[in-house]
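Peer 1: Each chain is listed here by its residues.
2 protein chains.
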Amino acid sequence: MKRNLTEYIDDYKSMIDQQIEKHLNKLQIPEQLKESMFYSVQAGGKRIRPILLIASNQAYDHYLEKTFSSAVALEMIHTYSLIHDDLPAMDNDDYRRGKLTNHKVFSEATAILAGDALLTYSFEVIVDDPNLSSNEKIKLIKMLSKKSGPKGMVAGQVLDMEAENKSTTLEELENIHKLKTGQLLQFSIMAGAFLGNASKHELIHLKQFSEYLGLIFQVQDDILDIIGDESKVGKPIGSDADQQKSTYPKLLGLDGAREKKNEYVKKAKEALFKANAGESRLVELTDYLTRRDH
Amino acid sequence: MKRNLTEYIDDYKSMIDQQIEKHLNKLQIPEQLKESMFYSVQAGGKRIRPILLIASNQAYDHYLEKTFSSAVALEMIHTYSLIHDDLPAMDNDDYRRGKLTNHKVFSEATAILAGDALLTYSFEVIVDDPNLSSNEKIKLIKMLSKKSGPKGMVAGQVLDMEAENKSTTLEELENIHKLKTGQLLQFSIMAGAFLGNASKHELIHLKQFSEYLGLIFQVQDDILDIIGDESKVGKPIGSDADQQKSTYPKLLGLDGAREKKNEYVKKAKEALFKANAGESRLVELTDYLTRRDH
Chain A
153 MKRNLTEYID
163 DYKSMIDQQI
173 EKHLNKLQIP
183 EQLKESMFYS
193 VQAGGKRIRP
203 ILLIASNQAY
213 DHYLEKTFSS
223 AVALEMIHTY
233 SLIHDDLPAM
243 DNDDYRRGKL
253 TNHKVFSEAT
263 AILAGDALLT
273 YSFEVIVDDP
283 NLSSNEKIKL
293 IKMLSKKSGP
303 KGMVAGQVLD
313 MEAENKSTTL
323 EELENIHKLK
333 TGQLLQFSIM
343 AGAFLGNASK
353 HELIHLKQFS
363 EYLGLIFQVQ
373 DDILDIIGDE
383 SKVGKPIGSD
393 ADQQKSTYPK
403 LLGLDGAREK
413 KNEYVKKAKE
423 ALFKANAGES
433 RLVELTDYLT
443 RRDH
Chain E
153 MKRNLTEYID
163 DYKSMIDQQI
173 EKHLNKLQIP
183 EQLKESMFYS
193 VQAGGKRIRP
203 ILLIASNQAY
213 DHYLEKTFSS
223 AVALEMIHTY
233 SLIHDDLPAM
243 DNDDYRRGKL
253 TNHKVFSEAT
263 AILAGDALLT
273 YSFEVIVDDP
283 NLSSNEKIKL
293 IKMLSKKSGP
303 KGMVAGQVLD
313 MEAENKSTTL
323 EELENIHKLK
333 TGQLLQFSIM
343 AGAFLGNASK
353 HELIHLKQFS
363 EYLGLIFQVQ
373 DDILDIIGDE
383 SKVGKPIGSD
393 ADQQKSTYPK
403 LLGLDGAREK
413 KNEYVKKAKE
423 ALFKANAGES
433 RLVELTDYLT
443 RRDH
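Residue numbers (my numbering), protein chains in the order written: chain A, 153 to 446; chain E, 153 to 446.
Among the hints, a few may not be true.
DMTMM-like cross-link-like pairs, simulated, lysine to aspartate or glutamate; straight-line CA separation at most 20 angstroms [as the list claims (entries may be wrong)]:
#1 A:K256 to E:D243
#2 E:K294 to A:D281
#3 A:K294 to E:D281
#4 A:K154 to A:D439
#5 A:K412 to A:D445
Hints were generated in silico from the structure; no laboratory data involved. All of these numbers come straight from a predicted model, not from anything done at the bench.
Chain A with its partners taken away, still in its complex shape (with noise of 0.2 angstroms):
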């Protein structure tokens, strides 16, 4: 019997805990630098990126065991970004998911180099993974270093740090999220998908998919921020109004960004049939994203 999509996220999920934890554990480092990247990674994620890698990969040839590296990397990577975004001199942020953040918790010190253990870690990860062949690891690595450097996740917290208190049009705040939301989530899909032998034309499909996705991600985030519920959001409602930061709903008051949102689930959609993935995981979970509490 097939399992409900809550089953099905939920195995995943304590899968890649486990694989992150192992990868964690085996470190032989100072001890309260392990204890602060353990903190963050282990600070209530949803995994939702390392389970769309898996999804991604199960809509072509599966193979489980060669995901699990780039699911761990890229979880260390969103999470070396939550505590640098989180900083003092960055969004200043003392709880996330309802939990102290690690500055807070450790030092400002000890959470910046924590951010950079993370980060560099996860390359490593990748390149010691003996399930996966030299070209595969070129490959991810290649794909994970564009994805979330310059040119991707940390150009979009530039930008999204420079468009504060500024007035952004609505297709600067679709560049903004498409690298510092985007690449992440494309890297899920795109990483997935390579490892499970996906064709070229398919890959172009479901690159398009990711980018719906990521929007989709975003908008969803900006409506929580206005009607969502603060124990669940697990950070105050309303502090995107305080940052007087631009969101889909000031752009396009809150019917418009739930318009804008089912325009991108409409298209999100197609490029998955396109990529013949259409019968896979990744609908549920689109949908699963678009309707999320938190």
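Could you slot chain E onto chain A? The hints should help.
Peer 2: Same frame as chain A, now just chain E:
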């Protein structure tokens, strides 16, 4: 006619500078991020690590084009570590090599992100190098991630931070420096020799050499903090003593520190001979690092 060491260093320094510029120039990224990355990479670094990498390569099968990407990656990682190290939450330095530190010129947020970008980009530079075979790329990324990550340089930074304002034994001090300074120096030597097809036997002795070299480097740094010329060193003299840092002169006295340095130089050169590199530029570079005044 053989170039003297100064000409040798100058020639390779400008070659490395060009390679670094080439890689940074081709980045199409937000202007502020690019400027910030450029600023620190060009802030007067002596390119000691890349030059050691090339010299180590030349001690074996010389293939200059193969060394460039690791030389550039190494210098970018070294630079990122300095940017993050200088941050207010870490060493809180306003000047480095006589120039304002990155966060003083740009902002703390930009400095954090420029460091993240340089670290991530360094892996991309290696993985995209058309002069390297797949196995060379994998080996280099493996070495670089291990030596700069949580088991290597980052561990050293954490231990260094923890050692501040408390008494440290010589053994603890050496462990800190082996990680914080030594691991990247080790990458210089090992990566260069690996690309030169050094034998396993040679690599074992080179590893020893690089460990002594790291210690020489540190003893000299500590000595310069006492007797150095402020205009050459580029930072205030006596800052270690002000911070109550454990240093070689503090633990052994100034003469004791010099003796220790000479002992390391002797051992370093012995290791070089055993590695069949006793006639290479590495010997002269060891002397150069021993007597450097900045």
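Peer 1: Tell me if the straight-line CA distance from A:K294 to E:D281 falls inside 20 angstroms.
Peer 2: 11 angstroms, holds
Peer 1: Holds or violated: are the alpha carbons of A:K256 and E:D243 at most 20 angstroms from each other?
Peer 2: 19 angstroms, holds
Peer 1: Under the criterion that the straight-line Cα-Cα distance not exceed 20 angstroms, is the pair A:K154, A:D439 satisfied?
Peer 2: 18 angstroms, holds
Peer 1: Given the hinted pair E:K294 and A:D281, is their Cα-Cα distance within 20 angstroms?
Peer 2: 11 angstroms, holds
Peer 1: With a cut-off of 20 angstroms on the C-alpha distance, tell me whether A:K412 and A:D445 pass.
Peer 2: Holds, at about 18 angstroms.
In this structure, none of the earlier numbered hints is contradicted; all agree with it.
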